[in-house]
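**Q** Kindly generate the complete structure, drawing on both the sequences and the hints.
Okay, so the sequence shown: first residue is 1 according to the working numbering, each after it adds one.
For the record, the hints were derived by calculation from the structure and aren't laboratory data.
There is no bait here: all hints are sound.
Computed list of lysine to aspartate or glutamate pairs in EDC-like fashion (alpha-carbon distance at most 20 Å, straight line):
| # | residue 1 | residue 2 |
| --- | --- | --- |
| 1 | Lys122 | Glu150 |
| 2 | Lys146 | Asp127 |
| 3 | Lys36 | Asp127 |
| 4 | Lys153 | Glu88 |
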Amino acid sequence: MSEIMWCGSISHNGITGLGRPKDFLCHKLGHQLGAKFDEAHGATLSAVWGSWARYVYHLDEARFANYGRKVWNMDEENDEKTAVEAIEKTEEFFRSLHMPTCLGDMKMGVQPDEVLKEMAGKATAGDTMKVGAFQKMGAFQKMGEKELYEIYKKANHR
Numbered sequence: 001m002s003e004i005m006w007c008g009s010i011s012h013n014g015i016t017g018l019g020r021p022k023d024f025l026c027h028k029l030g031h032q033l034g035a036k037f038d039e040a041h042g043a044t045l046s047a048v049w050g051s052w053a054r055y056v057y058h059l060d061e062a063r064f065a066n067y068g069r070k071v072w073n074m075d076e077e078n079d080e081k082t083a084v085e086a087i088e089k090t091e092e093f094f095r096s097l098h099m100p101t102c103l104g105d106m107k108m109g110v111q112p113d114e115v116l117k118e119m120a121g122k123a124t125a126g127d128t129m130k131v132g133a134f135q136k137m138g139a140f141q142k143m144g145e146k147e148l149y150e151i152y153k154k155a156n157h158r
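**A** Shown next as structure tokens:
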């Protein structure tokens, strides 16, 4: 238990960014799912991670490709192909742990469109604030209600 607590502390103190800004948009998406449906935070993260990654990878293909090469030992030279394959391999890994990779895999199941819009609205305080790590700086960008809704829609399947 102490090691898990220590990992949790380390994960939020900036060390895991390794000198680069991080994007916690996926956490914001997961928090809304957990709040509305009482789902475990780890499950909500794995359920939306792939949809989030597919929505944003094009903003920094090299970053996702680097992830694929370093974590999944990929040797494809094309950054876009590597980025897409890295996302797929991560979802395969989640499945190997019996974690959900979409909303349909969770006890809450696929949701009607109005629920997705409601969660996107709550996450952005009625679209009055943008969420995410930072403005577009060669990586990710802050997003509003419309973008969060699109990510939820991508994750809303079986």
